[in-house]
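Peer 1: The residues making up each chain are set out below.
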Amino acid sequence: MHELSICQGLLRQLLPIAAKHPGRLIQVVLRIGPLSGVEAALLQAAFPIAAKGSVAAEAELVIEHCPLRVRCPLCDAESEASANDLRCGDCGNQQTRLTSGDELLLLSVQFSEESNHV
Amino acid sequence: MCDSCGCNITPGNQHLPQRGEAVAVLQGLLAENDHQALHNREHFDRHGVLAINLMSSPGAGKTALLEATIARLKDRYRIAVIEGDLETENDAERIRAQGVPAIQITTGSACHLDAHMLHHALHKLDLENIDLLFIENVGNLVCPAAFDLGQRANVTLLSTTEGDDKPAKYPLIFRAADLVLLSKIDLLAVLDDFDPAKAEQHLRNLASSAPMLSLSARSGEGMEAWFEWLAQQKCSHQAVNRRSKL
Numbered sequence: 001m002h003e004l005s006i007c008q009g010l011l012r013q014l015l016p017i018a019a020k021h022p023g024r025l026i027q028v029v030l031r032i033g034p035l036s037g038v039e040a041a042l043l044q045a046a047f048p049i050a051a052k053g054s055v056a057a058e059a060e061l062v063i064e065h066c067p068l069r070v071r072c073p074l075c076d077a078e079s080e081a082s083a084n085d086l087r088c089g090d091c092g093n094q095q096t097r098l099t100s101g102d103e104l105l106l107l108s109v110q111f112s113e114e115s116n117h118v
Numbered sequence: 119m120c121d122s123c124g125c126n127i128t129p130g131n132q133h134l135p136q137r138g139e140a141v142a143v144l145q146g147l148l149a150e151n152d153h154q155a156l157h158n159r160e161h162f163d164r165h166g167v168l169a170i171n172l173m174s175s176p177g178a179g180k181t182a183l184l185e186a187t188i189a190r191l192k193d194r195y196r197i198a199v200i201e202g203d204l205e206t207e208n209d210a211e212r213i214r215a216q217g218v219p220a221i222q223i224t225t226g227s228a229c230h231l232d233a234h235m236l237h238h239a240l241h242k243l244d245l246e247n248i249d250l251l252f253i254e255n256v257g258n259l260v261c262p263a264a265f266d267l268g269q270r271a272n273v274t275l276l277s278t279t280e281g282d283d284k285p286a287k288y289p290l291i292f293r294a295a296d297l298v299l300l301s302k303i304d305l306l307a308v309l310d311d312f313d314p315a316k317a318e319q320h321l322r323n324l325a326s327s328a329p330m331l332s333l334s335a336r337s338g339e340g341m342e343a344w345f346e347w348l349a350q351q352k353c354s355h356q357a358v359n360r361r362s363k364l
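Top line first, the protein sequences correspond to chains A and B. The first sequence begins at 1 in this note's numbering and counts up by one. The second sequence begins at 119 in this note's numbering and counts up by one.
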């Protein structure tokens, strides 16, 4: 339920980046894992509301999803897991290490050709 | 001239940056909060304050646990509490009645505490005279897990009135726990549908090795193990602090 405040934080992160580039901000790319605590659909819905009147007002939000994967220290297998079952898919060991799935990242931004600054 | 506000872009050089470009950023989306949390953590370490973040659903017994803990430990440690709730000073008043300072953060409609709110509250406390700071987060099993506050340890409570599958339903907050407390175990006798072994199984399936302790703040059962855990945390925090000052 904190997706709007995440969006507001994102916009503050975008400000200094946008200031360095003359083009219009047209795309913002995030990577979000299922164990990040953030719901991609809610973020997608909150973004245009938060971005209104900001540097990202015309930007498209692209969310890359990443799989939930764990590595087992016992059998060294890497397997797919689910948010509430992170056991090794091979041997069932409970003490696995997350290799992917808790990402909450601003990956990249894209600027248009034309200049915004006069 | 700096690199952040755009004052370095002049009519003479504005054509220089590549146009139509993709710019790699690779920053955490919670970078702002994490930066503040780091600052809070340095603050705590500098003053030798052990900060413990308590999380649970509303009504799991966080305040009752703190009342019983303060009653028992206030002669041993100088304790303070930061309370997070959407509204009211009720919890802070309960804590003050135990004779220790309490700061209430009312979040309005915000469903969790963040590192900035906590930092603001810290200014109202004399950290120099605190050994143990409990942060009672907003009662919520979803959002508090995502926001680092600068605490040394997370403690998540699961009360026996809630259902033993809560760790499977809310994996994030239980994964974030350094200690899980099964609270209100005095009620187990009348709740035949709560199985502590199942709750622990759900917790282990999250690849968590956090200890799980069963206790009742009301009857006092199991409280000694919790006090023991706190004493160990205090001890190892002091050791880390001493080493970093060498």
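I should point out that these hints are in silico values taken from the structure, not numbers from a laboratory. We treat Cβ as the ideally placed atom computed from N, Cα and C, and that holds for glycine. Misleading hints may appear alongside valid ones.
[Said to hold, decoys possible] Quick look at which bits of chain A chain B covers, simulated, 3 or more residues with Cβ under 8 Å:
hint, region
1, 4-15
2, 33-46
3, 76-89
4, 92-100
5, 103-113
[Stated by the list, open to error] Restraint-style ranges between C-beta atoms, simulated for each label pair:
hint, chain 1, residue 1, chain 2, residue 2, range
6, A, Gln95, B, Leu245, 33 to 41 Å
7, A, Ser82, B, Glu211, 22 to 30 Å
8, A, Lys20, B, Pro314, 49 to 57 Å
9, A, Lys52, B, Cys353, 50 to 58 Å
10, A, Cys91, B, Asp313, 47 to 55 Å
11, B, Ala215, A, Lys20, 49 to 57 Å
12, B, Cys353, A, Pro48, 46 to 54 Å
13, A, Lys20, B, Glu205, 40 to 48 Å
14, A, Asp76, B, Val143, 30 to 38 Å
15, A, Lys52, B, Pro314, 45 to 53 Å
16, B, Glu246, A, Lys52, 16 to 24 Å
Peer 1: Hint by hint, note whether the structure agrees.
Peer 2: Evaluation of the provided hints:
Counting residues of the region 4-15 of chain A whose C-beta lies closer than 8 Å to any C-beta of chain B gives 6; at least three are required, and the coverage claim holds. Counting residues of the region 33-46 of chain A whose C-beta sits closer than 8 Å to any C-beta of chain B gives 4, which meets the bar of three, so the coverage hint holds. Figure legend: the region 76-89 of chain A, annotated as covered by chain B; annotation consistent (5 residues with Cβ-Cβ distances under 8 Å, at least 3 required). Proximity of the region 92-100 of chain A to chain B, defined as three or more residues with a beta carbon under 8 Å from a beta carbon of that chain, is established by the 5 residues found.
With 10 residues having a Cβ less than 8 Å from any Cβ of chain B, the region 103-113 of chain A passes the three-residue criterion, so the hint holds. Between glutamine 95(A) and leucine 245(B) the CB atoms are about 36 Å apart, so this pair conforms to the stated range of 33 to 41 Å. Judged by the Cβ atoms, the range 22 to 30 Å given for serine 82(A) and glutamate 211(B) is violated: they are separated by roughly 43 Å. Between lysine 20(A) and proline 314(B) the beta carbons are some 55 Å apart, a value that agrees with the proposed interval 49 to 57 Å.
For lysine 52(A) and cysteine 353(B), the hinted distance range of 50 to 58 Å is satisfied, since their beta carbons lie about 52 Å from each other. Our hint of 47 to 55 Å for cysteine 91(A) and aspartate 313(B) is violated, since their Cβ atoms are close to 26 Å apart. Hint check: alanine 215(B) to lysine 20(A), Cβ distance near 54 Å, so the stated range 49 to 57 Å holds. For cysteine 353(B) paired with proline 48(A), a C-beta distance near 51 Å keeps the hint of 46 to 54 Å intact.
Between lysine 20(A) and glutamate 205(B), the C-beta spacing of about 42 Å keeps the proposed range 40 to 48 Å intact. For the pair aspartate 76(A) and valine 143(B), the beta carbons lie near 33 Å from each other, so the given range of 30 to 38 Å is met. Between lysine 52(A) and proline 314(B) the C-beta distance comes to about 49 Å, which sits within the given range of 45 to 53 Å. Our hint of 16 to 24 Å for glutamate 246(B) and lysine 52(A) is violated, since their Cβ atoms are close to 45 Å apart.
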